[in-house]
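A.B. asks: Protein chains in written order, with our numbering: chain A, 1 to 140; chain B, 141 to 280; chain C, 281 to 420; chain D, 421 to 560.
Honestly, I wouldn't trust all of these hints.
[Said to hold, decoys possible] A short list of chain D residues far from chain C (calculated; beta carbon distances all over 12 Å):
hint, residue
1, T422
2, I493
3, R523
4, K526
5, L537
6, I556
[To be verified] Derived lysine-lysine pairs resembling DSSO-like cross-links, with alpha carbons at most 27 Å apart:
hint, chain 1, residue 1, chain 2, residue 2
7, A, K106, D, K511
8, A, K40, B, K180
9, B, K246, D, K529
10, D, K526, A, K106
11, D, K460, C, K320
12, B, K246, A, K106
13, D, K529, A, K106
14, D, K529, B, K249
15, B, K231, C, K386
16, D, K529, C, K371
17, C, K389, D, K511
18, D, K529, D, K460
19, A, K91, D, K529
20, B, K246, C, K371
21, B, K249, C, K320
22, C, K386, A, K106
23, D, K511, A, K109
24, C, K320, B, K246
25, B, K246, C, K386
26, A, K109, C, K386
27, D, K526, B, K246
28, A, K91, A, K40
29, D, K511, A, K91
[As the list claims (entries may be wrong)] The following label-pair restraints were derived from C-beta to C-beta distances:
hint, chain 1, residue 1, chain 2, residue 2, range
30, B, P265, C, E323, 42 to 48 Å
31, B, D264, A, P19, 30 to 36 Å
32, D, A555, A, L78, 36 to 42 Å
33, B, A263, D, G515, 45 to 51 Å
34, D, P545, A, P75, 24 to 30 Å
35, D, Q424, A, L78, 55 to 61 Å
36, B, E157, D, T422, 40 to 46 Å
37, B, A148, D, R449, 32 to 38 Å
38, D, G469, C, K389, 30 to 36 Å
39, D, E463, B, P188, 49 to 55 Å
Everything labelled a hint here was simulated from the structure, so no lab data went into it. Every value quoted in this text rests on a predicted model; they were computed, and no experiment measured them. Note that CB positions come from ideal geometry on N, CA and C, so glycine has one too.
Number of protein chains: 4
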Amino acid sequence: MTVQMDPAALNAFMWEEFPQVAAQFEVERTAPMEADVRLKVTEQHLRPGGTVSGPSMFALVDLAMYAVTLAMIGPVALAVTTNCSIDFMRKPEAGRDLIGTARLLKLGKTLAVGDVLVRNVGADPVLARASLTYAIPPRR
Amino acid sequence: MTVQMDPAALNAFMWEEFPQVAAQFEVERTAPMEADVRLKVTEQHLRPGGTVSGPSMFALVDLAMYAVTLAMIGPVALAVTTNCSIDFMRKPEAGRDLIGTARLLKLGKTLAVGDVLVRNVGADPVLARASLTYAIPPRR
Amino acid sequence: MTVQMDPAALNAFMWEEFPQVAAQFEVERTAPMEADVRLKVTEQHLRPGGTVSGPSMFALVDLAMYAVTLAMIGPVALAVTTNCSIDFMRKPEAGRDLIGTARLLKLGKTLAVGDVLVRNVGADPVLARASLTYAIPPRR
Amino acid sequence: MTVQMDPAALNAFMWEEFPQVAAQFEVERTAPMEADVRLKVTEQHLRPGGTVSGPSMFALVDLAMYAVTLAMIGPVALAVTTNCSIDFMRKPEAGRDLIGTARLLKLGKTLAVGDVLVRNVGADPVLARASLTYAIPPRR
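All chains should be built: construct the whole structure from the sequences, respecting the hints.
C.D. replies: Below, the structure written as structure tokens:
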């Protein structure tokens, strides 16, 4: 399986399709069935005490799964999440970016299934893990 | 089981603890083991095409579960989501508020488990469903 | 939406397609988008202490979701579970049958989504809850 | 983190505590925060067509998570699954054993969180993936 889109192509696609989202994220790495995406943590992602909010971590795992799917199938604006199961395990450190590492476990014609581990940049402990299913629209 | 906090008390608590979040939501109803919470949809929640984003729906189910838990145990700022499994089933209508209807299925000393159905205000079809587990901190 | 198969039709279908499974279960009720299925608890379902095992409860929610799907679309032997998220909340009572109450939240052309509550027969507390997604094979 | 129980110790413990289950499974490998468990597929695990049933795969991921938890904390008969989210992705091959590879992502005082990949013995494609949470009883 060859990678169809590298980080530069994915970031350009995100800016075109989802400008308000693209400003918060950066695809940093793609590899066969894998991608790393960074959440650039700012004030809007924080909860009192400085920790990153649950919805912000959800947004990261959702985007990381989207990125790895597009990396493998090419630009498809309409793929949609149908299911996500997420476990929150440790509190993120205040004011530090997050990295979501996504891997695809199945890339079918209509469904893609994968999981994502979330860590603080440069730190080993897993803060959250998620599994996601994406519905891929029929290709013309 | 008696309700410890009514919608007014919950909304006041949210404004005090999570002001940036409280502006987006309103607790509309509490009942034993139940609560309804509204997401006041604005530009920030939308995706191209006018549909409400996945992270915004996640934020709604997370807050609805938090609201029903607080309604039953009283104000506890530190309860945290440990797990959420969410299914996205139908696209929300553009520019219409969402209602999350939460019910608690178990309220233990350390864990609360419940589920949430998400609909457009005044419409019957379920757009998303989620089940969530909350860890309740030990009471002093 | 009309019910296509009543409990008698569903039980007969199960006996024909899955005889080893059918002996353990009984569909007791169907209604539009709903079904009740009983697990007839025997030695094989128990763990030390007399409680029903997790895999037995999984088997019940899986079958209840299958039953409610078939009830609405008619006999399709090949529908398969693609995802199940299950929360175990309370221990079942020793030596008492279980009832799984399934409801369909979405019945699309290729995917069905629903949830199931598990209780001891005649008792109110919810022992487990599950949400499931089924892939429906294309109809010829 | 040191491994407290090796495969021999885990298999002996299972035979003592859950004899009816132990006959179906074999712990094959333990490593820090990891374990491999084999499901010895027999007639009772099959569905028509020869594929392994969903409940049998659930039983495998549940036991693999239990094994990796015990491997790290030592013999605790009472740990219970509180949540499992499982994705079924590919059909198992007829009449071939399954291997569940579990890794612990968090081992707290009261909760353990991990995930499991299921494959046919000696084959690479992932048939199912699951994430599980275990409640660990307070130690005396």
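A.B. asks: Now, for every hint given, state plainly whether the structure supports it.
C.D. replies: A quick look at each hint next to the structure:
no.: 1; hint: T422; result: holds, 28 Å
no.: 2; hint: I493; result: holds, 19 Å
no.: 3; hint: R523; result: holds, 19 Å
no.: 4; hint: K526; result: holds, 18 Å
no.: 5; hint: L537; result: holds, 15 Å
no.: 6; hint: I556; result: holds, 14 Å
no.: 7; hint: A:K106 - D:K511; result: holds, 12 Å
no.: 8; hint: A:K40 - B:K180; result: holds, 26 Å
no.: 9; hint: B:K246 - D:K529; result: holds, 21 Å
no.: 10; hint: D:K526 - A:K106; result: holds, 25 Å
no.: 11; hint: D:K460 - C:K320; result: holds, 26 Å
no.: 12; hint: B:K246 - A:K106; result: violated, 34 Å
no.: 13; hint: D:K529 - A:K106; result: violated, 34 Å
no.: 14; hint: D:K529 - B:K249; result: holds, 16 Å
no.: 15; hint: B:K231 - C:K386; result: holds, 12 Å
no.: 16; hint: D:K529 - C:K371; result: holds, 21 Å
no.: 17; hint: C:K389 - D:K511; result: holds, 21 Å
no.: 18; hint: D:K529 - D:K460; result: violated, 32 Å
no.: 19; hint: A:K91 - D:K529; result: holds, 16 Å
no.: 20; hint: B:K246 - C:K371; result: holds, 12 Å
no.: 21; hint: B:K249 - C:K320; result: violated, 32 Å
no.: 22; hint: C:K386 - A:K106; result: holds, 24 Å
no.: 23; hint: D:K511 - A:K109; result: holds, 16 Å
no.: 24; hint: C:K320 - B:K246; result: holds, 25 Å
no.: 25; hint: B:K246 - C:K386; result: holds, 25 Å
no.: 26; hint: A:K109 - C:K386; result: holds, 21 Å
no.: 27; hint: D:K526 - B:K246; result: holds, 24 Å
no.: 28; hint: A:K91 - A:K40; result: holds, 17 Å
no.: 29; hint: D:K511 - A:K91; result: violated, 37 Å
no.: 30; hint: B:P265 - C:E323: 42 to 48 Å; result: holds, 44 Å
no.: 31; hint: B:D264 - A:P19: 30 to 36 Å; result: holds, 34 Å
no.: 32; hint: D:A555 - A:L78: 36 to 42 Å; result: holds, 40 Å
no.: 33; hint: B:A263 - D:G515: 45 to 51 Å; result: holds, 50 Å
no.: 34; hint: D:P545 - A:P75: 24 to 30 Å; result: holds, 27 Å
no.: 35; hint: D:Q424 - A:L78: 55 to 61 Å; result: violated, 49 Å
no.: 36; hint: B:E157 - D:T422: 40 to 46 Å; result: holds, 41 Å
no.: 37; hint: B:A148 - D:R449: 32 to 38 Å; result: violated, 57 Å
no.: 38; hint: D:G469 - C:K389: 30 to 36 Å; result: violated, 24 Å
no.: 39; hint: D:E463 - B:P188: 49 to 55 Å; result: holds, 53 Å
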